[in-house]
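Working from the sequences, and respecting the hints, build out all of it.
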Amino acid sequence: MPTKNKQYTRIFFISLLLAAALFGFALVYPGDLMGGMLDALKKGRDNLALGKGQVIVFPVAYQGYLANPGAGWQGDFSTYSSYFPETVHYSTRIDIPWKRLNPAEGVYDWALLDEQLARAVADGKQYSFRVFTMSGEGYGGHQIPAWVLERGAVLLPSGEPDYSNCVYQEEWGKFVNALIERYDGNPDIAFLDISGYGNFNEWSWQSQTEWDDLWAERYEQRAAGPSTMENLDGEARRRLADIFIGGSYESHRCRSASGQTLSVNYSYPGAQKTQLVMPYAGIVQSTQYVFVRRKDVGFRFDCLGRDTLDDLPAEVLELWRNAPVVYEFCGPRSFQMDRAQALVEATHPILIHNNAYEGDVNELQELLTPVGYRFFLKRASANAVGNAGEDLPVSMVWQNLGTSPIYPKMGQIPVLYLYLIDRGSGEIALSQPVEADISAWLPAHPFPSSNPPEYRVDVNLPLASNLPAGTYALTVAIIETRTGAPIQLAVEGMTTSGQFFLFDITVK
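Numbering (the working numbering), first residue to last: 1 to 508.
Hints are supplied without guarantee of correctness; some may be wrong.
[What the hints assert, rightly or not] Distance condition first, Cα-Cα at most 25 Å in a straight line; then the derived DMTMM-like pairs of lysine to aspartate or glutamate:
no.	residue 1	residue 2
1	Lys295	Asp213
2	Lys174	Asp188
3	Lys295	Asp422
4	Lys295	Asp391
5	Lys295	Glu217
6	Lys125	Asp95
7	Lys174	Asp76
8	Lys99	Glu217
9	Lys125	Asp76
10	Lys295	Asp310
11	Lys125	Asp114
12	Lys125	Asp188
13	Lys295	Glu250
14	Lys273	Asp296
15	Lys99	Asp302
16	Lys174	Glu150
17	Lys174	Asp109
18	Lys508	Asp391
[Stated by the list, open to error] Now the in silico label distances, taken between C-beta atoms and shown as ranges:
no.	residue 1	residue 2	range
19	Ser258	Asp437	34 to 44 Å
20	Ile428	Ile94	40 to 50 Å
21	Asn451	Ala216	36 to 46 Å
22	Asp437	Leu309	50 to 60 Å
The hints are simulated quantities; they were obtained by calculation from the structure and are not laboratory data.
Beta carbons are placed, not taken as given, at the ideal position from N, Cα and C, and that holds for glycine.
Next comes the structure, spelled out in structure tokens:
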């Protein structure tokens with residue numbers, strides 16, 4: 001049962017209102033004593049209908065790290081990974097390449113992937129992954145099944161696949177279709193990387209990559225689309241993206257094993273339920289293509305701390321409102337904390353993946369603490385007395401003090417709840433879901449800001465006619481429906497049950 005703190009029962013005059021908002025005092029108005037003060041409050045930006053005996057609470061923001069579902073820190077195998085809890089595990093990619101999951105035509109061995117997924121779930125985490133076709137940089141080379149090579153897929157002298165090859169595209173598409181059919185919509189999967197091109201399938205610029213002038217021209221004119229690709233590499237990247245995001249095209253050009261250009265048709269359903277994330281490693285036009293086609297696809301960049309904002313696609317400044325931004329640290333030799341901090345503040349990431357970080361742990365915590373969503377109850381008010389059989393009006397003002405919204409496609413469906421807890425028995429007398437679109441609670445932009453957006457939630461809390469008279473604690477929580485567990489609020493004084501005590505209510 002929540003414990004009432006004495007600070008939540010003190011009476012203050014108007015000169016202490018700012019101090020109350022700053023230090024977390026709850027103000028209790030016992031009648032007309034505060035007449036002039038009530039008039040002043042009514043003129044406030046929230047227009048609170050304060051009356052006799054109304055209570056209002058100003059919680060204190062919690063400044064520490066919050067390990068919330070789908071947000072924050074992703075570890076690796078280095079020392080610093082254990083300093084912060086993670087809620088989304090990232091796959092061991094080398095164990096789930098294409099050639100191992102698809103050892104023969106029409107044969108799919110999902111055991112390795114399922115094992116990683118099950119292990120993450122058993123640890124109370126979600127799972128995220130990428131199946132790649134190319135490791136590169138001395139980490140194993142291509143990952144194409146032998147039977148696909150025998151059928152006509154081509155390896156270039158560099159050892160990488162010819163991504164414009166017809167057989168490569170066709171068989172990769174069949175595999176991804178099977179992958180999506182099996183895993184799309186699994187709530188335990190936070191996101192799936194779009195893969196199939198470049199070293200580690202990060203969509204890196206390769207020797208075979210070509211700049212597409214037609215796309216560049218049409219994109220600048222805001223007229224770019226699937227048909228505005230004029231070279232073979234651009235068309236290959238279009239198809240490889242369409243395999244994941246869904247799309248069809250007639251007279252698509254690709255290259256045969258003998259080097260002949262062929263024309264084929266394709267159609268893919270794509271993943272429509274699970275969150276997709278598009279990696280970026282230099283090919284801005286592929287980022288642009290996915291952004292044009294689907295605004296709900298996220299962005300991933302695996303070298304946070306090296307580049308500045310000018311080095312990234314401009315689209316990252318927009319897409320965070322609808323889809324997640326995910327980062328991985330650059331290696332220690334290339335990592336600069338000030339550059340990482342600047343990108344975090346500009347682009348609103350929800351997750352940061354470790355990569356053998358070797359710097360100061362306090363600086364790391366400072367960087368990570370705001371990453372993701374941080375729901376803060378700025379204030380709440382209600383009448384101190386309610387009557388059984390009637391509604392009790394409750395008003396709340398919320399803010400998101402983090403860097404990102406919460407994204408339902410990542411598996412997080414938050415629901416706001418109010419509770420009445422009997423002070424005598426400690427039993428929950430009322431558990432009431434409250435209508436609120438929490439996924440629309442955006443953080444400040446630019447970030448950080450001393451004045452983040454405010455989200456007003458008003459609710460008439462129904463008091464049952466048979467509710468016994470007495471004193472009840474009114475508490476609030478945000479429940480994540482996938483797990484049924486409360487989200488950690490950015491509020492000091494949370495109870496062990498994940499609720500926040502607002503104030504006592506007397507029921508007559």
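Now for the hints, and whether the structure bears them out:
1. Lys295 / Asp213: Cα-Cα ~23 Å, so holds.
2. Lys174 / Asp188: Cα-Cα ~24 Å, so holds.
3. Lys295 / Asp422: violated (46 Å)
4. Lys295 / Asp391: violated (41 Å)
5. Lys295 / Glu217: Distance of about 21 Å is within 25 Å: holds.
6. Lys125 / Asp95: holds (19 Å)
7. Lys174 / Asp76: violated (31 Å)
8. Lys99 / Glu217: Between Lys99 and Glu217 the Cα gap is close to 38 Å, so the pair fails against 25 Å, i.e. violated.
9. Lys125 / Asp76: Between Lys125 and Asp76 the Cα gap is close to 14 Å, so the pair holds against 25 Å.
10. Lys295 / Asp310: holds (21 Å)
11. Lys125 / Asp114: Measuring from Cα to Cα gives roughly 14 Å; hence the hint holds.
12. Lys125 / Asp188: holds (8 Å)
13. Lys295 / Glu250: Holds, at roughly 24 Å.
14. Lys273 / Asp296: holds (10 Å)
15. Lys99 / Asp302: Satisfied, since the Cα-Cα distance of roughly 24 Å is no more than 25 Å.
16. Lys174 / Glu150: holds (16 Å)
17. Lys174 / Asp109: Given that 25 Å is the threshold and the Cα spacing comes to 14 Å, the pair holds.
18. Lys508 / Asp391: Roughly 12 Å separates the two Cα atoms, so the pair holds.
19. Ser258 / Asp437: 34 to 44 Å: Hint violated: Cβ distance 56 Å, outside 34 to 44 Å.
20. Ile428 / Ile94: 40 to 50 Å: holds (48 Å)
21. Asn451 / Ala216: 36 to 46 Å: holds (39 Å)
22. Asp437 / Leu309: 50 to 60 Å: violated (30 Å)
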